[in-house]
Amino acid sequence: MNQAKIQRANIRFFGKSYNKSEIFAGLLFTLPVLILGVIFIILPIIVSLGYAFTDANLLKLDQVQIVGFSQFSRIFSDPLLLIAFKNTLRFVVTVVPLQLTLSLVLALILNSRIKLNTFFRWAFFIPVMLSLAITSMLWMNLLNEESGLINSILMSLGFDEQTFLSNPDRALNIIIIISAWQGAGYQMLIFLSGLKNIPSSLYEAAEIDGANSFNRFKHVTLPMIKPTFSFVIITMLIGAFRLFTQPLIMTKGGPLDSTMTMSYYIYQQGIMFRDVGYSSAVALIYTIFLAAITLTIRKVLDKDNTV
Amino acid sequence: MQIIIWSVLIIVNVSLIFLLLKLYLNSERMSKYKNDHQVIIARKIIHFWFVFALYFFLFVLAALFIFPVVWMIMNSFKTHAQINADLSTWRTFLPTNLNIGEWFQSYIKLFSSFQEFGRSIINSIIYSSITISIVLLINSLAGYAIAKFRFPGSTVIVTIIILILIIPVETSIVPLYVILKKMGLLTENLRIVGYLIPGFCSPFYIFMFRAYFLGIPKELEEAAYIDGASRIKTFFSIIIPNSLPVFATVSIFTFMGTWNEYIFAQLMFSNPLQQPLQVYLQLINNFNPKDMGMIMASLTFSTIPIALVYIFSQRYIVEGVAFTGLK
Numbered sequence: 001m002n003q004a005k006i007q008r009a010n011i012r013f014f015g016k017s018y019n020k021s022e023i024f025a026g027l028l029f030t031l032p033v034l035i036l037g038v039i040f041i042i043l044p045i046i047v048s049l050g051y052a053f054t055d056a057n058l059l060k061l062d063q064v065q066i067v068g069f070s071q072f073s074r075i076f077s078d079p080l081l082l083i084a085f086k087n088t089l090r091f092v093v094t095v096v097p098l099q100l101t102l103s104l105v106l107a108l109i110l111n112s113r114i115k116l117n118t119f120f121r122w123a124f125f126i127p128v129m130l131s132l133a134i135t136s137m138l139w140m141n142l143l144n145e146e147s148g149l150i151n152s153i154l155m156s157l158g159f160d161e162q163t164f165l166s167n168p169d170r171a172l173n174i175i176i177i178i179s180a181w182q183g184a185g186y187q188m189l190i191f192l193s194g195l196k197n198i199p200s201s202l203y204e205a206a207e208i209d210g211a212n213s214f215n216r217f218k219h220v221t222l223p224m225i226k227p228t229f230s231f232v233i234i235t236m237l238i239g240a241f242r243l244f245t246q247p248l249i250m251t252k253g254g255p256l257d258s259t260m261t262m263s264y265y266i267y268q269q270g271i272m273f274r275d276v277g278y279s280s281a282v283a284l285i286y287t288i289f290l291a292a293i294t295l296t297i298r299k300v301l302d303k304d305n306t307v
Numbered sequence: 001m002q003i004i005i006w007s008v009l010i011i012v013n014v015s016l017i018f019l020l021l022k023l024y025l026n027s028e029r030m031s032k033y034k035n036d037h038q039v040i041i042a043r044k045i046i047h048f049w050f051v052f053a054l055y056f057f058l059f060v061l062a063a064l065f066i067f068p069v070v071w072m073i074m075n076s077f078k079t080h081a082q083i084n085a086d087l088s089t090w091r092t093f094l095p096t097n098l099n100i101g102e103w104f105q106s107y108i109k110l111f112s113s114f115q116e117f118g119r120s121i122i123n124s125i126i127y128s129s130i131t132i133s134i135v136l137l138i139n140s141l142a143g144y145a146i147a148k149f150r151f152p153g154s155t156v157i158v159t160i161i162i163l164i165l166i167i168p169v170e171t172s173i174v175p176l177y178v179i180l181k182k183m184g185l186l187t188e189n190l191r192i193v194g195y196l197i198p199g200f201c202s203p204f205y206i207f208m209f210r211a212y213f214l215g216i217p218k219e220l221e222e223a224a225y226i227d228g229a230s231r232i233k234t235f236f237s238i239i240i241p242n243s244l245p246v247f248a249t250v251s252i253f254t255f256m257g258t259w260n261e262y263i264f265a266q267l268m269f270s271n272p273l274q275q276p277l278q279v280y281l282q283l284i285n286n287f288n289p290k291d292m293g294m295i296m297a298s299l300t301f302s303t304i305p306i307a308l309v310y311i312f313s314q315r316y317i318v319e320g321v322a323f324t325g326l327k
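Heads up: the protein sequence lines correspond to chains A and B, in order. Position 192, counted from 1, in the first sequence is what this note's numbering calls 192; the numbers after and before it change by one each time, with no gaps. Position 283, counted from 1, in the second sequence is what this note's numbering calls 283; the numbers after and before it change by one each time, with no gaps.
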């Protein structure tokens, strides 16, 4: 009788059989997430896809005219966008290797039997505890050209008073250094947990085989932390391509657009200049670009993994 | 200061010389002297030197990492005038008030001259707790459903989640703002709803929950079903008590996310009474005349909650990364 009850509860859908109460529970449990996800994650993508072909203005969203591809053709003749793209790219290709090396070297050192291990771990982790907004405000004050700490240290070393965030040649480099300073400790922690999971028997076996420390690193450590490595590099890259808070607080994209980044540009066009149409077109192209980069890197790292 | 720079230069140079020496001692030509007394001593000296250089390097780097934060904390205990007086001496890194009662002047001044500072802290706490409770509830339910139930569309949901995780949606702040505007959520009173609601559904956390629930054995739930418990009751009374680590991780991640959130908040809130801490801090930072003591007090005070979370839950942060990103 029990058997019959279960069978009656089954229904077929697209050729597959499901348990009725599971369907009910499954849909009920996912319903809130589905509603919110569709409105606030999927709809924005569709909306920006739609607005990219219009001349939408933030203040006149009811009078929208379809303009075809003209927003996209603006992209290729926009000198400021090119600057923003170059700046973002420069940030990414500098900060990712810098932060990656720093965090990996620190993790490797702190993973060995070194004294004061806990002290060093916390010292490198402390900047992570500051939020991006607080980091930006703190460094703004430290780098204040008249009354900041950095200039006062430099002057006590016999240097001249320096310009920092007001100098177009330096502003982006300063943001790079600050970002690496703030983020390295977090990646160090992730690398440390990856290193801790390497079984010590592997090292012992390598030692018996006569491998020196460099070979042990190359043939045991590196292959074993590869998944951690690809995870860190992907999150770091995506984070770097999103650079926004630091220029927003510290420089407002200036001086002379030297810290204008893609995220900031999209925001500026859409919210400040109210040009939702153009902003959506840029955002769309940039999203496709980022998705392509993420997928490529995932592929490359995964391929290496299986070999 | 100059002493430090000179010692860095000396240590780097001596290390390079010793490195060459070590390579020479390891070379073919020297291998027959391998067990000579002098060679053994030379190796010991070189080894000692490298250990010393490593510690020196670590200390210098650690100092570079912590000096801004130490400066921030120490100067929050001083007044603006004291900070300027100490700035060009080493005393800038120490609290110079002998009387401990005077240490908190800047904090007292901060709370009295910026009336809404306390309010912005409360706002941040309210926003974080609402977000955490709803995030935990709805994302865990969805994660559980796609991990354990077979229903039409469950595989589609998983595919969509993976797609969303690959496609970066960060650039969608402008369309999101437009949608909120069309929904009428940008009025003075509903702004808070409009600010909070997009953060509730998170594919990342659904995935985190799913990964964890997949590891819970089926027998646990089946025992409850035999006792006649409904699915929702089983979830609350059996599953949740057995998966506290993932709930802890998600709440910590959510807390860090909402407490530190700045970009969307500064777009949404112009009324200081509604602003969360991170946005309100900017008002203190940009205030004229500048009071460095008060700025540092506000920055230090705002970091305390998040620092406590990090200190007490570092384990969960690392574990959370481990069971989402690497699986």
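It is worth saying that the hints were derived from the structure and are not from the lab. Note that the structure is predicted; figures quoted are calculated from it, not measured. Among these hints, one or two may not hold up.
Among the chain A residues that face chain B by a calculated CB cut under 8 angstroms, a handful are [stated by the list, open to error]:
| no. | residue |
| --- | --- |
| 1 | Val64 |
| 2 | Ser200 |
| 3 | Ser201 |
| 4 | Leu202 |
| 5 | Ala205 |
| 6 | Ala206 |
| 7 | Ile208 |
| 8 | Phe217 |
| 9 | Gly270 |
| 10 | Phe273 |
| 11 | Ala283 |
Just the calculated beta-carbon pair ranges, DEER-fashion [what the hints assert, rightly or not]:
| no. | chain 1 | residue 1 | chain 2 | residue 2 | range |
| --- | --- | --- | --- | --- | --- |
| 12 | A | Leu82 | B | Lys44 | 55 to 63 angstroms |
| 13 | A | Asn117 | B | Ala223 | 53 to 61 angstroms |
| 14 | A | Lys218 | B | Leu186 | 27 to 35 angstroms |
We put the beta carbon where it would ideally sit given N, CA and C, even for glycine.
Hints, one by one, checked against the model:
no., hint, in the structure
1, Val64, "11 angstroms, violated"
2, Ser200, "19 angstroms, violated"
3, Ser201, "21 angstroms, violated"
4, Leu202, "18 angstroms, violated"
5, Ala205, "24 angstroms, violated"
6, Ala206, "19 angstroms, violated"
7, Ile208, "21 angstroms, violated"
8, Phe217, "16 angstroms, violated"
9, Gly270, "3 angstroms, holds"
10, Phe273, "11 angstroms, violated"
11, Ala283, "4 angstroms, holds"
12, A/Leu82 x B/Lys44: 55 to 63 angstroms, "59 angstroms, holds"
13, A/Asn117 x B/Ala223: 53 to 61 angstroms, "45 angstroms, violated"
14, A/Lys218 x B/Leu186: 27 to 35 angstroms, "57 angstroms, violated"
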